[in-house]
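Asker: The chain contents come next:
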Amino acid sequence: MSDFWAALRAHTPARIGQQRFGEAPGTRERLEFVTAHAAARDAVHEPLDVSALVADLASIPGLAAPVVVASAAPDRATYLTRPDLGRRLRDPLPSAEPGADLVVVLADGLSATAVQRHAHGVLRALRPLLPGTRWAPPVIATQARVALGDHVAAAWRARMALVLVGERPGLTTADSLGAYLTWAPHPGTPDSARNCVSNIHPPHGLDHETAARTIASLVHGARQLRATGIALKEGRLELG
Amino acid sequence: MRYTHRARGRTYAFSSLVEVLGRASPLRSGDVLAGSAAESGAERAAAQWVLADVPLTTFLEEPVVPYEDDEVTRLILDGHDALAFAPLRHLTVGGLREWLLATAAGPGAAAALAAAAPGLTPEMGAAVSKLMRNQELIAVGAATEVVTGFRSTIGLAGRLATRLQPNHPTDDPAGVAAAVLDGLLLGCGDAVIGINPASDNPETVARLLRLLDEVRRRYEIPTQSCVLTHVTTTIDLIAAGEPVDLVFQSIAGTQAANAGFGVDLAVLAEGRDAALSLGRGEVGEQVMYFETGQGSALSAGAHHGTGGLPVDQQTLEARAYAVARAFDPFLVNTVVGFIGPEYLYDGKQIIRAGLEDHFCGKLLGVPMGVDVCYTNHAEADSDDTDTLLTLLTAAGCSFIIAVPGSDDVMLGYQSTSFHDALYARRISGKRPAPEFEAWLDRVGLLADDGGIRPVDPALSVLRELV
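Line by line, the protein sequences give chains X and L. So the first sequence is numbered by my numbering: it starts at 1 and just counts up by one. So the second sequence is numbered by my numbering: it starts at 1 and just counts up by one.
For the record, the hints were derived by calculation from the structure and aren't laboratory data. Check each hint, because a few of them may be wrong.
[Stated by the list, open to error] One-sided excerpt, in silico: chain X residues whose CB lies under 10 Å from chain L:
1) 11
2) 29
3) 34
4) 135
5) 188
6) 197
7) 210
[Unchecked claim] Sample of chain L residues at the chain X side, in silico, Cβ under 8 Å:
8) 29
9) 79
10) 80
11) 84
12) 86
13) 90
14) 179
15) 261
16) 266
17) 461
C-beta: ideal position from N, C-alpha, C; glycine also.
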């Protein structure tokens, strides 16, 4: 029986084919779950290594030096219970040349590890896919939620915000990155006005190149439609 | 102040019905965040005293969200059934609690509660739940019966169904199929085989729809499939001829929160009409599948009601069930621990909310299931989901979610597992949906005691599914 499921596990990280004792899984499977839960809870509290991320971004050709900001949530405990604070900037942004096409915000969200591991890879793959796009300096934001990007884009009058954010750590994956694209972002933008590419975490999730291609196609679509959200469906515009 | 209560030498005053509802709510983090919660246990108790004396007719006269601003309020009040309400019209909220508990314990309870449902508004249901203990939410929930059908029948007494949720981080067909096989071999999938796609790409959604439809037809499984994408995507896929059984949408209890999901009542009606036009149901024609969850309105900043006051999240959640019931749904479930600790902080709050949601849904006549779950940033663990699962099984919950090993590898949270479903059925003597149970017997999975026979997958007729 074990060989049967072992072959299938090549296709999914899911906990398929668990044993049955009565109706319960085996002791080993039980303890693996407990260990994974403890690790996922720890991952929520892992801080972002900002200087390492700055160094990673510096190696991407053509990308301006990042601006580092913090949300209004002073610490992780507050961040978890006060989503309103995680959506706002603690201090006013330094000025930047207004009117860029795209501002990228790298937000720790619920998994700093995801941003640490995958954000620069996605950006490195994305840059050559968007020729002729005027990029604002990237923004690194700590204790930050997706909607913080609306404030950044509004302050700099950017046409689009791309927020790369650490998704909630799961038992199997603690480094899943999400990418949220918003056209004409402003504070109070509803979530239905965004498009999301989720589960960026090779090898089990999307790889950086595929994620970048999907994001680029959404950016092109957003420009044609002058909108993001439910009106913009990836894949549809290329067909027309 | 219209609403006051005096206790131990102190007078507690509340400015409006919205404030009374909020202050009377059992403690949860989302209400603290919104500013609707009581400041102390004493204030909460005072608000419950006040709420107990509020006549039910007040809820028809004083909407918690203004009628002129909100189409959900208009749906609730314009659709209210005065005839069904007539026998309850004289009651207060406290009186309704006693009527419900007495009715639930009496003969013909299910029929009496079903007859009352169209006369009850979600605000009445939410209000009475605030005066009830967990035990009472279970007792009344267990006495209700809401039966729906498509290819299987959900909600019959003595049954507990499951949504088989075979999610995959990249929507890989082979990975999805492996999880479907695992679930079917463990007797799950009678409510629906439902995938949350990682991508909203219509072509990806279509591919998953075809995969599930092919599995279902090949093995003649009396169940239905669903890929949980936005209703507008599903409408387009129906027009393109894709095999859509159920139309899914996340919904909430205010017009503004629904706008945050990119929907309104008109587009939900359009989705339902599109699915009905396909005529794919066999034992019933209910085609809608809705998910809800306390905190969704607050999360969208769409939780303000009459007088600009924040409405408590449980009352708004109950209003989502009024949206659901207007579209004659096949399945509705609250995703009770998914939204995170800023709305339901810990296991205690999640358990309470799960029981409230099930009770309010069933009271309004909605085919209620629960995604018994938690995230890794909440103060909860599998002991809490075990507790809630066991309580909901006792409460007659129509269906639960089932994922391999409790671990949803796409959404990154823990729900109940295939094994958990078997546990819940075994301790309660509940069985799968009847059509699905007969199929389990045909494919050699049904044991003599009604449980699921452990089989070698390599020898099962289902093995070629992967």
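Asker: Are the hints correct? Go through all of them and say.
Answerer: Structure-based check of all given hints:
Of the supplied interface hints, the one on residue 11(X) holds, with its beta-carbon coming within about 4 Å of a beta-carbon of chain L, less than 10 Å. Restraint check, residue 29(X) versus chain L: the minimum CB separation of about 7 Å is within 10 Å; hint holds. For residue 34(X), the shortest C-beta to C-beta distance to chain L is roughly 8 Å, which falls under 10 Å, so the interface hint holds. Interface hint status for residue 135(X): violated, as the beta-carbon distance to the closest one in chain L is roughly 25 Å, over 10 Å.
Interface restraint check for residue 188(X): the shortest CB-CB distance to chain L comes to about 7 Å, inside 10 Å, so the restraint holds. Here the hint on residue 197(X) is kept, as its CB sits about 7 Å from the closest CB of chain L, short of 10 Å. Using the Cβ-Cβ criterion of 10 Å, the hint placing residue 210(X) at the interface with chain L is satisfied: the shortest such distance is roughly 8 Å. The beta carbon of residue 29(L) is positioned within 8 Å of a beta carbon in chain X (closest approach about 6 Å), and the interface hint is therefore held.
At its closest, the beta carbon of residue 79(L) sits 25 Å from a beta carbon of chain X; the interface hint therefore is violated under the 8 Å criterion. At a threshold of 8 Å, the smallest CB-CB gap from residue 80(L) to chain X is about 29 Å, leaving the interface hint violated. With a least beta-carbon distance of about 35 Å to chain X, the hint placing residue 84(L) at the interface is violated under the 8 Å criterion. Residue-level restraint check for residue 86(L) is violated (minimum Cβ-Cβ distance to chain X is 40 Å; threshold 8 Å).
Hint status for residue 90(L): violated, given a least beta-carbon distance of 42 Å to chain X, over 8 Å. The beta carbon of residue 179(L) comes within 5 Å of a beta carbon in chain X, closer than 8 Å, and the hint placing it at the interface holds. Look at residue 261(L): its Cβ gets to within about 6 Å of chain X, closer than 8 Å, so that hint holds up. For residue 266(L), the suggested interface contact is broken, since its CB lies about 14 Å from the closest CB of chain X, more than 8 Å.
Look at residue 461(L): its Cβ only gets to about 14 Å from chain X, farther than 8 Å, so that hint breaks.
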